[in-house]
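Next come the chains, spelled out residue by residue.
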Amino acid sequence: MLDPTARDRLAVLADVLIPGSGDFPSASAAGVPTDLIDRALGFRPDLVPAFGRALELADGLDAEAALDLISTGHIAEFEALSTLVSGAYLQSPQVQQALNYRPAPRQANDDIDSYVDLLEVVVDRGFDIHGADLS
Amino acid sequence: MQSAVEDADVLIVGAGPSGAVAAYELARRGFKVVCLEQGDWNLPDDFTGDKPSWELARLKQWHPSPNRRGNDADYPINADNSPLEPLLFNGVGGSSILYSGHWVRALPSDFRVKTLDGVAEDWPFTYEDLRPFYDEVTHHIGASGLEGDPSYPDAHTFPLPPLPIGKAGLRAARGMDKLGWHWWPAPNAISSRAFRNRPACQRYGACESGCPAGAKASADLTYWPDAIAAGAVLITGARVRTLTTDENGLVAGAEYVDRDGHWHHQRAGITILAANGIGTPRILLNSASSAHPDGLANSSGLVGKRLMIHPYASVYGTYDEDLESHLGPAGQSLQSLEFYETDESRGFVRGGKWNLMPTPGPLNRVLWEPGTDWRDGFGSSFHDKLSSTFGRTLEWGITTEDLPEESNEIVLDPELTDSDGIPAAKINYQITENNDRLLDFHIARAVEAHEAAGAVSIHVDRVVRDSGWHLLGSARMGEDPKDSVVDQWGRSHDIPNLFVLDGSNFVTSTGVNPTATIMAIALRAARHLADNRHNQVSAS
Chain Y
1 MLDPTARDRL AVLADVLIPG SGDFPSASAA GVPTDLIDRA LGFRPDLVPA
51 FGRALELADG LDAEAALDLI STGHIAEFEA LSTLVSGAYL QSPQVQQALN
101 YRPAPRQAND DIDSYVDLLE VVVDRGFDIH GADLS
Chain H
1 MQSAVEDADV LIVGAGPSGA VAAYELARRG FKVVCLEQGD WNLPDDFTGD
51 KPSWELARLK QWHPSPNRRG NDADYPINAD NSPLEPLLFN GVGGSSILYS
101 GHWVRALPSD FRVKTLDGVA EDWPFTYEDL RPFYDEVTHH IGASGLEGDP
151 SYPDAHTFPL PPLPIGKAGL RAARGMDKLG WHWWPAPNAI SSRAFRNRPA
201 CQRYGACESG CPAGAKASAD LTYWPDAIAA GAVLITGARV RTLTTDENGL
251 VAGAEYVDRD GHWHHQRAGI TILAANGIGT PRILLNSASS AHPDGLANSS
301 GLVGKRLMIH PYASVYGTYD EDLESHLGPA GQSLQSLEFY ETDESRGFVR
351 GGKWNLMPTP GPLNRVLWEP GTDWRDGFGS SFHDKLSSTF GRTLEWGITT
401 EDLPEESNEI VLDPELTDSD GIPAAKINYQ ITENNDRLLD FHIARAVEAH
451 EAAGAVSIHV DRVVRDSGWH LLGSARMGED PKDSVVDQWG RSHDIPNLFV
501 LDGSNFVTST GVNPTATIMA IALRAARHLA DNRHNQVSAS
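Protein chains in written order, with full-length UniProt numbering: chain Y, 1 to 135; chain H, 1 to 540.
Source of the hints: derived by calculation from the structure; they are not laboratory data.
Glycine residues also receive a C-beta, built at the ideal position from the N, C-alpha and C atoms.
Among the clues, some could well be false.
What follows is a list of derived Cβ distance ranges for each label pair [unchecked claim]:
#1 H/Lys114 / Y/Leu69: 55 to 61 Å
#2 H/Asp320 / Y/Val116: 25 to 31 Å
#3 Y/Ser114 / H/Lys114: 39 to 45 Å
#4 H/Glu344 / Y/Val116: 33 to 39 Å
#5 Y/Pro45 / H/Asp343: 50 to 56 Å
#6 Y/Asp8 / H/Trp41: 44 to 50 Å
#7 Y/Gly73 / H/Arg462: 23 to 29 Å
#8 H/Asp80 / Y/Thr72: 20 to 26 Å
#9 H/Asp320 / Y/Pro45: 39 to 45 Å
#10 Y/Asp3 / H/Asp322: 37 to 43 Å
#11 Y/Asp110 / H/Arg462: 31 to 37 Å
#12 Y/Gly126 / H/Gly454: 44 to 50 Å
#13 H/Ser457 / Y/Asp110: 29 to 35 Å
#14 Y/Gly126 / H/Pro161: 21 to 27 Å
Could you build the full structure based on these sequences and the hints that come with them?
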């Protein structure tokens, strides 16, 4: 569980990584530094140590400078930070709606009628089959 | 150490596709079959494709690389000396748990590359010999596809109609039509309608992290229920260290360790290795003894040699409309064999198979690539990148034929072991010059295919590191014991009661996804064994 200081630090970093734009909320407006990051960390407990180190590396630095530092010298930490922040962000229903993302399930409806005319051309063209015993 | 089943006729090591086929065929023919599998059963609800955790979990817990996943059932593989990461799964169903279900037959020319193209060796049987077994397995597992593909000499059938190609497939098909190139609605080992114990695909696009609907034809759902009903005994959590031999030089069974660390010996009259192109040579090499200093069944010196992995290229096209390309199956919607056969004017022999695949999940669109400036994909770039690619990006994936080279090999790592202290495998593998030229040609054509379909941007991943699904050729079959490990029935030339029925036995790699061929070969071999059981040598 992140303490309030870590959440504040995460909010600053996350909003630089994912600012608001149009219908898309910023990371903190979507809830990343609160419940969504907790959920993401629960899905990937293996990333908790590297994520924690990334937040520690950002201590006392301007957000952009911190992200430059982590991404250039601490690859595992930046991968953990960026993957968890974006993975958490994309959990937000508001974000999924802005993205017009309607995840499955969907029915696997037959759509042969949509391409059967194109397929006739493929059949008519034929194929040069090598090595077959056509007897 | 005692056997779990005292009087087993046949021991099978590995519960993947080939082990499952063999178990069913032999059990239904009256053999007492025992299978040792180091992994466990996985139920559809174990998979995360229908859950919020999916996109994060598939990067770790359900990653296809055992090195990345690191489950208790996994064994590490040293791939430092390979541009391709080996991908496999340890569990009932084997790697079919995580495969994408491309259900593709090899072509006739694949079995005659020496005769036709002057390279490698011909197989000891032909496409025509294997065809009835392709047919039987295809109908047993419930594959989906459309009859009549002109790139095959026979209009082979499928028990289920093809899966939808969707907006994305139609867009790509129109591009191929402009160029006059072959394409076909792709065959998949995924149910388009309910089939036996499986429901229809629900289009999660999560095939490569385990089907949450249970629609994919993984061997745990297709053959194992039938094999168990026929009397086969499947022991999970059983990791084989070595095969043992008797005073007659026959294989007597296998030593294995269970999850509690207890060692056992399973005796059997006949032993079948079905542990994949890495696991099988690893066991044979680990079974070295004073009588077999180079490993079992290795008088040819080819155990572990001639590894083929199919270098794979991804050519992504991004389009200016929402094509719902996040929807499954993944799975393939189209396939093309336009450039499959040899055309020497291209500067290389053999070819490759193309598959059109979706790009499921938004997270994959925005993952950071180490070494790049974070501002390229985050900050003010984030939303543009996400919105312009998600649902709009298609992949033409290219499986390229990998010709055998003895220098591409599986060896035992001198230091690395699994969690039970058993020496691990190391891959020494390099892409051949022929394959380099093949890759360049095919990638250029795939770029043209996207351009013809109207892509607004194209991204090429020339050799995808995480693509080493097809582990082939490391215990090849052939007629001559001097240059092959097993005969056309998978039987060891050296040890007549030892068989290899996984993709290790491939002579050449073909240029297609191998599971249909692996299972057809396994069925052919198991049936031959059953038909000729009275002539079969067994350990007492």
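Evaluation of the provided hints:
1. Between H/Lys114 and Y/Leu69 the Cβ separation comes to about 57 Å, which falls inside the hinted range of 55 to 61 Å.
2. Look at H/Asp320 against Y/Val116: about 26 Å separates their beta carbons, and that is inside 25 to 31 Å.
3. The supplied range of 39 to 45 Å is met by Y/Ser114 and H/Lys114, whose beta-carbon atoms lie about 43 Å from each other.
4. Here the CB-CB span from H/Glu344 to Y/Val116 is close to 35 Å, well matched to the stated 33 to 39 Å.
5. Remark: the range hint 50 to 56 Å for Y/Pro45 to H/Asp343 is upheld by a beta-carbon distance near 52 Å.
6. The hinted range of 44 to 50 Å is satisfied by Y/Asp8 and H/Trp41, whose Cβ atoms lie roughly 45 Å apart.
7. Against the hinted window of 23 to 29 Å, the Cβ-Cβ separation of Y/Gly73 and H/Arg462 comes to about 28 Å, which satisfies the hint.
8. For H/Asp80 and Y/Thr72, the hinted distance range of 20 to 26 Å is satisfied, since their beta carbons lie about 24 Å from each other.
9. A hinted range of 39 to 45 Å for the beta carbons of H/Asp320 and Y/Pro45 is consistent with their spacing of about 40 Å.
10. Range check, Y/Asp3 to H/Asp322: Cβ separation about 41 Å, and the 37 to 43 Å hint holds.
11. Checking the proposed 31 to 37 Å range against Y/Asp110 and H/Arg462 shows it holds: the Cβ atoms sit about 36 Å from each other.
12. Distance hint check for Y/Gly126 and H/Gly454: the Cβ-Cβ separation is about 27 Å, which falls outside the suggested range of 44 to 50 Å.
13. Taking 29 to 35 Å as the suggested C-beta distance range, the pair H/Ser457 and Y/Asp110 conforms, at roughly 32 Å.
14. The hinted range of 21 to 27 Å is satisfied by Y/Gly126 and H/Pro161, whose Cβ atoms lie roughly 23 Å apart.
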